[in-house]
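*Asks:* These are the residues of each chain, in order.
Protein chains: 2
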Amino acid sequence: MRRTDWNAADAATRAALLRRPVQVTAAITTTTVAAIIDEVRALGDAALRAYGERFDGVVLDDWRVGEAEFAAAETALDAELRNAIDEAAARIESFHRAGMTSAYALDTAPGVRCERVLRPIRRVGLYVPAGSAPLPSTALMLTIPATLAECPEIVLCTPPRRDGSADPAVLYAARRSGVSRVLKIGGAQAIAAMAFGTASVPRCDKLFGPGNGFVTEAKRQVAMLEGGAAIDMPAGPSEVLVIADAGANAAFVAADLLSQAEHGPDSQVLLISDSDALLDAVAAQVDLQLAVLPRADIARRALQSSRLLRVDSLAQAFEISNDYAPEHLILALRDARAWLPRVQAAGSVFLGDLSAEALGDYCSGTNHVLPTSGAARFTGGLNVASFQLAITVQEVSAQGIAAIGPCAVALAGAEGLDAHRNAVALRLRECVA
Amino acid sequence: MRRTDWNAADAATRAALLRRPVQVTAAITTTTVAAIIDEVRALGDAALRAYGERFDGVVLDDWRVGEAEFAAAETALDAELRNAIDEAAARIESFHRAGMTSAYALDTAPGVRCERVLRPIRRVGLYVPAGSAPLPSTALMLTIPATLAECPEIVLCTPPRRDGSADPAVLYAARRSGVSRVLKIGGAQAIAAMAFGTASVPRCDKLFGPGNGFVTEAKRQVAMLEGGAAIDMPAGPSEVLVIADAGANAAFVAADLLSQAEHGPDSQVLLISDSDALLDAVAAQVDLQLAVLPRADIARRALQSSRLLRVDSLAQAFEISNDYAPEHLILALRDARAWLPRVQAAGSVFLGDLSAEALGDYCSGTNHVLPTSGAARFTGGLNVASFQLAITVQEVSAQGIAAIGPCAVALAGAEGLDAHRNAVALRLRECVA
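Protein sequence lines correspond, in order, to chains A and B.
Per the working numbering, residue 5 is the first one in the first sequence, and the count goes up by one each step.
Per the working numbering, residue 5 is the first one in the second sequence, and the count goes up by one each step.
Since the hints were made in silico from the structure, they are not lab data.
Some hints here could point you the wrong way.
[As the list claims (entries may be wrong)] Partial pick of chain A residues on the chain B-facing surface, computed with a CB cut under 8 Å: (1) 64; (2) 255; (3) 349; (4) 385; (5) 395; (6) 418.
[As the list claims (entries may be wrong)] Across the chosen pairs, the derived CB separations fall in these ranges: (7) 36(A) - 9(B): 21 to 29 Å; (8) 157(A) - 82(B): 35 to 43 Å; (9) 309(A) - 110(B): 32 to 40 Å.
Idealized CB from N, CA, C, for every residue including glycine.
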C-alpha cells in the first residue's frame, strides 16, 4: 500500500491523490446498452425473453415470481438467515420511519394558506443484482423505504439463476417488506423494461438500486431519454475513507479497509492519519488479514490503488475528506463524536473504533445506497423522501387577495408580465367590489 | 383554442393531447455550448470577458458587483417595488423556514445510535436570467432557501445590461437575502464558470435557476461532465393545467391561462372541464383579454398549441392531470380542498377561484422553481433541502456490537463477503473478551 506525506506533496500530487479513476464506459457497452433499450422498447416482452436466454442462460415463459416460489424461498432459507433478515429489516424500518418528512401548513398572510403535502411516487422500479452473490441486504434497503412511502406500484427486478428461480433470500427480504411483484429479469433489459414498460412490466416513474456496468449505463441512458424514468443517483465504485489517530485499533482499521476492497478491484480505499506508527501497524495488519481472505485477489487489486496519507493534524485530515466527499467515512478517533461537526460532505459516517462500516451495510438501520464518486458533495443517500414528491399548495381567500394581491401586482409590473398582473388585478377588483 | 371531447378521443389521440413537444436542442446550440464550456475551462476569466463582449455587448474589467452598485441599486428602485420585494421575501422566508427538515437520532438497538445530520452544500451557484425583463422574484426564490440552508459560499450570476450594470431589482433582492457575491456574467459561460471555477468565480457543487436555451443546455452538459456540478432539476417550458367546474369564474380562468401563455410561445396551457358552458365562456374571455395584452403575440402563439378538454366527470379530469403531472395545477372547483387528495403528481397546486397562479410566482410564499416536462411525476420544487445534504451517522458501543454484530455476520456470510464478516467478527471477539 502506497503511503504519501500530504505535506510533502505539491498541489498536483495532492489533486492526483484525491482524483477518482475516470469511469470509462467502453464504447461497446454504451452501444450494446442503447441497442438493448431500443429493442425492449420495440419488441417488449419478446426482447426480454431473448435477452434472458442470452445473458442469464434461461428461458422463462413467465418471469413473475408466484406464491409457490415465495413459499419455497421461505422454507429454503435457514432460520439464522431468516432471523438476520427480519432483525435487520426491523432496524432499517425504524430508522427510516423516524426520518420521514411531514406535511406542513401555515398562513403566510391572513387568508393565505400555504402548505406542503407529500405523495408517494406512483410507480417505482427497484433493481437487485445477483452477480457473484445474492444481495438480500439491497432488497431490504430498497423495499423498506418504498413501502414506508406507500408507493402504490412497486416492482422489483432481479436476475434469474440458471435454474430459472430467483435467489430465495432476496425473495424473502422483498416479501417481508410487502413487495410481492418480483420479476426475474436482469441487466440492462430490466432497466429498459421498467423505464418504458412492456406488456408484463409496468412503466415506472423512478428507478432505484445498484448494478453492474450494463445496469448502471442503462440507468444513465433511460434517465436521459425523452419519456424515460428518473433514477435514484449516479453510480460509481464503492468507497471508504478512514481517519484514524494514534490510538486507533489497527486490526479494526485494516479489516474495514479490506471489507471495502473486497467489493471490487475498482473500490476506493483511503486512510488518513497523523500517526506513522498507526499507518505502519495498519499496513502490517492488512497483509496479515489478506492472507486468509477468500476474495483476496479482488481486494489486492483494489489495494494497489489505495492511498495512505500522512497528515500533520486531524484538522487537515477533515479538510481532505471534505474535498474528497467519500461514500463511507470512518472516524477511528478517540473522541469521534467531537469531530463530527467537521464533516461537511460524506454519505454515511461511522463514529469510533467499534462502528464497523459493514454494520451500516447490513443492519445498523441506515441505508447503504449512498452517493459515490464525489456526489456526497451535493446529495445524501436513499431515504423515504427519495420515494416521495413534495407538492406545494396555496389557498387564498378574499381577505388573502386583499393582503398579498398588491405585492404580486407590483412585482409582475416590474417584470413586465402584464397577464400575470391582470390575473391578480381582476381578482382584487372583484373582492374589493 | 382547440377543444377536444376526451371521451370521443381514441387512445392515440389522448396520448397526443398529453404529449409535450419534444424539446429539440438545435445541434448548433449543443455544439456552441460545448465550445463555450471548453473555452471557459481552458481560458477562465479571459473567456468570460470575450463572451461578455460578444453576447452581452459589454466589456467588464471586473464583474463583481461592489458596494457602490448595491447602494445605487437600492436608491434606484422606487419605494413600492422595494416594499413589494421585502414583503414577498418575508412570506417566502417564513414558508421555506417552516418546511426545513430536522436532524434526528434514535437508538435502533441498545448501544447503536443512528442519526441523520444536515449540512449545507458548501458552494452553490445561482443563475438569475435577465432577458426581456429583470426577474427579482427569481433572485428571491433562489437566494432565500440558499441562505436558510446556510450555504457557506453562495455566488449569483446574472447578465450585465448594456451599460455594464446589473438589474437593480435583482441586486436589491439578492442583497436583502444576504447574498452579496453577485457576478455580472450571463449565459452558458456563467454556468461553465460556476461548474468548473475560474480565477474570479468559485467552483460550485450545485447550480440552480432558470435560463434561456443556452443556459439550460449548459446546465445539462456540466451535470454530465466528469468533475462538473449537480443541477437543481431538468428544465422545460412553463406549464399550467386548470381543472374548472361549471361554477368557475371564466374571466379568472382565462386570466390564468393567459398569464401562463405570456411566458413564451412554447408555454403549455391545458384546461379541463366537465362543463361546455364554462369552456365556451373561457374561450370568449381569452379573446377579450388577449386584445389588450402587451405580450399578446407570444400568448397567441402559446395558445395555438393549448388544449381544452371536455371530460364527463371531475374524477376523470384528475386522472388526466396525474398522468400529465403539470408544473402548476389550478383547481377552479367549488370545493377545491376536498379534491386535493386526488392530486398525485404536480409541482404547485392553487385551490379555488381566488388562488391565482401568479400569486405563487411572486409572493404567496411557495417556491416558483418547479418541475416541468412531467418531472412532477418524480420530484417536487425547490426548497431548503435542495441546498442541503443529509448525512447518516452511526455510533456503536461494545453493547451495540454484541446486539447487532451477529446479524451482520450472518448477512455478510450469506452474501459471501468475508472481509465484511471479519470486520464485525473481530470486534465481537474483542468486546466479548
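*Asks:* Decide, hint by hint, whether the structure agrees.
*Replies:* Tested hints:
1. 64: Constraint on residue 64(A) not satisfied, violated at 24 Å.
2. 255: At 6 Å from the nearest chain B Cβ, residue 255(A) passes the 8 Å test, so the hint holds.
3. 349: OK, holds: residue 349(A) within 8 Å of chain B, min 6 Å.
4. 385: Holds, because the Cβ-Cβ distance from residue 385(A) to chain B comes to roughly 6 Å (cut-off 8 Å).
5. 395: This interface hint holds because 6 Å falls under the 8 Å limit.
6. 418: Holds - the Cβ of residue 418(A) comes within 8 Å of chain B, reaching about 5 Å at its closest.
7. 36(A) - 9(B): 21 to 29 Å: 46 Å, violated
8. 157(A) - 82(B): 35 to 43 Å: 53 Å, violated
9. 309(A) - 110(B): 32 to 40 Å: Given range 32 to 40 Å: holds, Cβ gap about 37 Å.
In this structure, the earlier hints numbered 1, 7 and 8 are contradicted, and the remaining ones agree with it.
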